[in-house]
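Engineer: Could you use the hints to bring the two separately framed chains together as a complex?
Chain order of the listed sequences is A and B. The first sequence runs contiguously to residue 403 in the numbering used here. The second sequence runs contiguously to residue 1284 in the numbering used here.
Since the hints were made in silico from the structure, they are not lab data. Note that CB positions come from ideal geometry on N, CA and C, so glycine has one too. One thing to keep in mind: the hints can contain errors.
[To be verified] Incomplete in silico selection of chain A near chain B, CB under 10 Å:
no., residue
1, Glu116
2, Thr124
3, Lys250
4, Tyr282
5, Thr290
One-letter residues, chain by chain:
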Amino acid sequence: MESDLKVLMMGGRRCGKTSALASLFCEARRGQLKTVFDFNNVTPPQCKQEQDGRMHEIDSLENKRRELERAIRDGGNGVFLVDAGITKNYWDYVLRLTVPGTNKKYDIQFRDCAGEVFEKNVPTDLVDYIKKCDVFIIVVDTPFLMEEQDVENECANRYEEISDFLRYMDRGGKPIQVLFVPVKCEKWVKDEKIDEVCNAVEKYHGNTIRTLLASPNVEVSIIPIETAGDVIFEEFRMPYVLLDRADDNKIIGKCSKDDADDTVVIMGNGMPHKKKENEYEYEDITAVFTGTDIVRKSTWFSLRHKPKAQYAPHNCEQLVTHILRFMFNKRYKEFGFLDHLRAIFGGGVTMDDMQNALQEIKKLNLIKNKGEGIRILKSCFLSEDVLTKPVYQEKNKSDSENK
Amino acid sequence: MLRYYSYYNVGGFKDMFLGDSTMSAKSTFFTPLLAVWKRKASEGDTSVLVKIEAVENLPKINLITNDSSYGFPEQAVTLVTHAGYKVNLSSLSTGECIFSIRDIDSNDCDESGRAIPFLLLVVGTTDTDRIVLEKLAAYTVSHLDEISNKFAKLFSYNPQYNAIEFSLQTINKLIEDISTQNSNSFRTLTKTVVVDCKKKDIALFAIPQGLDKAVAIREQNVKGKSINFVVLSDVLPFDNPERMERMLAQYQQQRESSLSKRKFYLLIASIITVATILCFFLEC
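Only chain B is shown next, with the shape it has when bound in the complex (with noise of 0.2 Å):
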């Protein structure tokens, strides 16, 4: 069973149950005002009595709180309140496997225009959920513009209900479509990597260009665990063949360059080694 998570931003950020793989429900709903109305109707608003019995019955998303952290792992809550990675896919000491992104840019803005980012985590109990998570993590960050606006596209505004939605549906369709069409690797400019978690405590652990490893490692409380680093900007992102081509390219003339100076240099050691032949025969 996969269990869902997302730190999402609803008049605040709001660590959120967002249900999981096993119910039928296809959305799952945020309905902070139905509180309120439930209020109103207990000091005699009748106004409200509609309202209520249209959402009251709705499958919901769940606030986490002290009292109550619906199967939310205690170990992967620095997942959420730090940063220093993209995506990770880590192993806990229970048995279960967290797969989690970071900053995907919702599909709200703030009165300033800004995007209102969010994150979204993935736990996993079973050996079965294992195998999925790793090639979710490999997808991910092969993938990492397609699988954010799809990821983006599963919250959205219910008019209906005045509500937050999240597409159960869908990411239960997108996690299946991905884990039987794809495998747990992924290529990078120079080698394939595996994301396997029996084999590192973090499986996967893509950073951002321009992070610098140690301040991952600091920032997230690491030090001491087996990790599986990835630079995001050496993987080749599949679902963008034209930035691909040029990273290629880019690549290639590096080498290439770097070929051609080491002839250079070798070119010159010889000459160098031939005339110091030459002198000391003549010497001679």
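Next comes chain A alone, as it looks inside the complex (with noise of 0.2 Å):
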């Protein structure tokens, strides 16, 4: 069945796209917003990795944020680096929102693209997505916008290409949103700078904002998130892999130099290592960008020493109520005699069913409009707990009117 708000995670390569989605979910699941709606993950089985010639579940988002709370609770009293692991070309995800004590229900479909996609074309299938999507999230590698050269920095977030992909946006008067998401950002909320992080979006992605900016159906904004909390930027360095000279060249892993001692690295997990006789660094082949002669460096953690660091994911839950707001207005525009039909034999949300989410949500406070980095460039809708028609078909109408 056709989801109900098709969203789209756009981004470079390692940002951060996954995690961002994981810890949405996580949030949506466990955060102060399972009062107004029961969410579920209901994620249709899809075609996945296989071993053995059998069909195997694909690594759920749950891993994924699993697989950082490992980190911070196992990580040590150092700087480590975050996993470089794989990604495989995009997985859709469905998040069900259902009015507690009833069947009526909401299902917003996320697409998760690999990175590598941003370094091609845009593939056809995609393109009919995008023509179909109603939300864009786009996810930004705050270290990178914040601390990199401006070459590395458009490598990692890959601004030129994310605004080529939105030219087949629909922009034929339904309403958009985009929302531009820096993550790993943590260092930069804790320095209370982070202004500074959304002054550098609004720069880099500008072209793609001013364009957007003067679509009258695209609201925008930028939502800063944390999706661990406690991990800290700590900073860039070249990317290194140690290898055993007597274990048939074998990668023992990945590593920086100790620019004090030749004869050390410092391992993954943060720890030095000695090197042995017969062990080697050498420059790691897989951080090159794609294509160019730049070298991505690797970028290093560390976690909060006092208080210990703690898992601790901050406004993820903005990613899903601004969504839900932008949602159940934009529901009430198209509201239709289907829809009616649907809420009358159920199954359906209703206007008042969305009416008294949104009012919950503000009551609850659970939505912030500014603050911390939060920005809302362009709203299509003119309140924020009472729906609404769109603003500019407000306007083209007292236009009509007028005349």
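Structural biologist: See below:
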């Protein structure tokens, strides 16, 4: 069955798209929003990695979140690398909202694209999805945004390619929401420099934002989130791998050089390692931005010590609340005869349900419109807690009345 | 001429043109650091000159980009971007044939110890190539573990050049051996399946157990095409005699059980029929 809302996750390779999505799902199901709706991950079975000729479950979003939680729990006193593992193509996930005590539901489909997708021409089936898409979540890798030179920043965050993808967006009048989501920004939050992050997002995504702001049916916001909480960006270092000559040049692990001591390397878990006679470090061939002569430096993080680091995502629920508010106002605009029928015969969310949800969200102060870096650059709808038609439609209506 | 492509992970999955069967080189190499060293050399870093000299003239693995497809058929893109099959042999409207096998575990693992899967494609352009690929496809499904292991070993890390090496010589020999020693058919539990590109648009569409045909067709966007479907769990694995024996024994058991059930129902039906006739005559 076609979902009620389509969302596309966009961003460069390893920028944090899946982590952001995992945190979004987790906060929807366990955060305060659960008093407003029941949230469930109802992702249908998809074709996945097969082993021994049999189907296997994909790595769920919950596994991704646990990966992060484990890294914090097991992380030592040092600085460590966050996993630079693999992704494939794109995966679709479905988050179902149900009005508590009823069978009335809304399905939101999230398409999580591998960053590699943004290194090529837009694939045809993705073009079709973009045209039908209602919400675009553009994830920004904050360390590259703030600390790296323009070239590395552009390679990591793919500003031009994302702008290219958004050309296929439907500008034909249906409301669309675009959320720019800086992640890995714990350091800047703690240094109270999150506004600088948002200014940088507006600068580097400037062309895209200007085009979006010029489209009357597009709502644009910046919502920085912390997917882990106490994992803080430390620095970039040149990437190496440690090999063992005695073991057929087997790769022992990723590392960086110790600037003070040639005989020592810093391994991925942050521990210094004195090289044995048969061990040597080599430039990491996996660390070159595809098709460029630029090395992608390794991003090293540290855990907060005092108080002890906890898995504490922050503002991830804001993605859900902003999307919900947009979704309900959009549905209100589109609520037609079939929706009334669905509502009468069961299964469909009514306008009253949507209105109640919005007011409950406001009453519980669940939605933030500003502060902590959150910026609404342009809104389609007039009010935050009352269902309204889109502003641009009201304006068009009053213009024609005045004529 | 056979052309070899892969969707392989080196710092992210990349579409690669690995080479073709006419090349004299034993191996081709993926050297992403070469561009970095050249840039450093142009900036005055002389320490990289030795490295550049060592790899500059190596036969290259090329990345397929927006500008350079290296002959990769556009119609075959879905085989790379979407799942829904394990082994596939398709005929294209260009006259080419393309063999693909996906989710082969490479010999590399990521930091979490997970095997990194990759995909291999072979494109054939002539009638001779077509016959070779039919035999390759038939052999692959009936020797899946063996072929997967052999394909995995085609890629290796070469520390001398700090590059990924693909062994052209090995794959050429492997395919030649398969095509000279085997046919284009394989056995399942119930029949012999012939892989023939002239009879079907998709001469072989092998799906894993548990995958619905309709999902596979949708995933690969091949609705309306003539397809030779096979479920891998039905294929007799000649590279694993123990598993084959178990499959045959299980199949035999199921058949016997089904046969004895039929006999039983037949007996009951006969008894009921005889009893009915007797009652009728007695009534009369």
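Engineer: Now tell me, hint by hint, if it's right for this structure.
Structural biologist: Checked hints:
1. A hinted interface residue such as Glu116 (chain A) counts as satisfied when its beta carbon comes closer than 10 Å to some beta carbon of chain B; here the least separation is about 5 Å, so the hint holds.
2. Because the smallest distance between the Cβ of Thr124 (chain A) and any Cβ of chain B comes to about 8 Å, under 10 Å, the interface hint for this residue holds.
3. The beta carbon of Lys250 (chain A) is positioned within 10 Å of a beta carbon in chain B (closest approach about 9 Å), and the interface hint is therefore held.
4. The closest approach between the C-beta of Tyr282 (chain A) and any C-beta of chain B is roughly 6 Å, which is under the 10 Å cut-off, so the hint is satisfied.
5. With a least beta-carbon distance of about 6 Å to chain B, the hint placing Thr290 (chain A) at the interface is held under the 10 Å criterion.
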